[in-house]
Amino acid sequence: GESVGLHLPTLSVQEGDNSIINCAYSNSASDYFIWYKQESGKGPQFIIDIRSNMDKRQGQRVTVLLNKTVKHLSLQIAATQPGDSAVYFCAESLYQAGTALIFGKGTTLSVSS
Amino acid sequence: GAVVSQHPSWVICKSGTSVKIECRSLDFQATTMFWYRQFPKQSLMLMATSNEGSKATYEQGVEKDKFLINHASLTLSTLTVTSAHPEDSSFYICSAQAGATDTQYFGPGTRLTVL
Chain A
1 GESVGLHLPT LSVQEGDNSI INCAYSNSAS DYFIWYKQES GKGPQFIIDI
51 RSNMDKRQGQ RVTVLLNKTV KHLSLQIAAT QPGDSAVYFC AESLYQAGTA
101 LIFGKGTTLS VSS
Chain B
1001 GAVVSQHPSW VICKSGTSVK IECRSLDFQA TTMFWYRQFP KQSLMLMATS
1051 NEGSKATYEQ GVEKDKFLIN HASLTLSTLT VTSAHPEDSS FYICSAQAGA
1101 TDTQYFGPGT RLTVL
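Read top to bottom, the protein sequences are chains A and B. Mapped onto my numbering, the consecutive letters of the first sequence carry residue numbers 1 to 113. Mapped onto my numbering, the consecutive letters of the second sequence carry residue numbers 1001 to 1115.
Treat the hints with care, since some could be wrong.
As the list claims (entries may be wrong) - Pairs of lysine to aspartate or glutamate residues, derived as DMTMM-like cross-links and limited to a Cα-Cα distance of at most 20 Å, are as follows:
| # | chain 1 | residue 1 | chain 2 | residue 2 |
| --- | --- | --- | --- | --- |
| 1 | A | 105 | B | 1059 |
| 2 | A | 42 | B | 1088 |
| 3 | A | 42 | B | 1059 |
| 4 | B | 1041 | A | 39 |
Because the hints were derived from the structure by calculation, they are not lab data.
Build the full structure now, drawing on both the sequences and the hints.
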């Protein structure tokens, strides 16, 4: 079926390290991908998005990489901080159709000082 | 950035009662709003898609008569959980989108506990 999955349920890093969170998607027709951060008891917070006509997009301390050949998406966080500790979800959709987002299972990032 | 609010933030109710949750886009007009449900340590699961002035489109397995959705204006959508039961206890999150190709912005969520 159409689903977005994540390779690792948890990731623990030291403060200052770079973090890489991975995501595999199954719907080859998906052309829009988003990373969200969710802190406990709160709604998802938009981090960065990328469309399928790009393979890399950078934001402030974050980079999203898209490999359409293997249907793989990753989120890189530079100089990870304790405040980055949260659950990270990737989501996919069909951009022009404005379809609802399909979320992956989530990766819990824990940053220790 | 765009702000989406939800009210209430949390609610506790007795089994058999109905609960209404509001979702508002505060600084933009949302042509589409989405309602999600999230159980502990799980991902968000889409319940329904709501377009202003139209009937909501429900995902497979979601009872439309139990989860009533109204999108009466471009800034407000409501989800009413009718005859709530303990298994309906969950975190309900809405998102709003100005246009089909615009970013979805999420509300802070509503924690529903049914006793």
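### Message
What's the verdict on residue 1041 of chain B and residue 39 of chain A, does the C-alpha distance respect the 20 Å limit or exceed it?
### Response
holds (12 Å)
### Task
Would you mind confirming whether the straight-line C-alpha gap from residue 42 of chain A to residue 1059 of chain B stays at or under 20 Å?
Not OK: residue 42 of chain A and residue 1059 of chain B at ~23 Å, beyond 20 Å, violated.
### Query
Is residue 105 of chain A within 20 Å of residue 1059 of chain B, Cα to Cα?
holds (18 Å)
### Task
Would you check the hint for residue 42 of chain A and residue 1088 of chain B, treating anything up to 20 Å between C-alpha atoms as holding?
Measuring from Cα to Cα gives roughly 19 Å; hence the hint holds.
Comparing the model with each earlier hint shows a violation of hint 3 alone; every other hint is respected.
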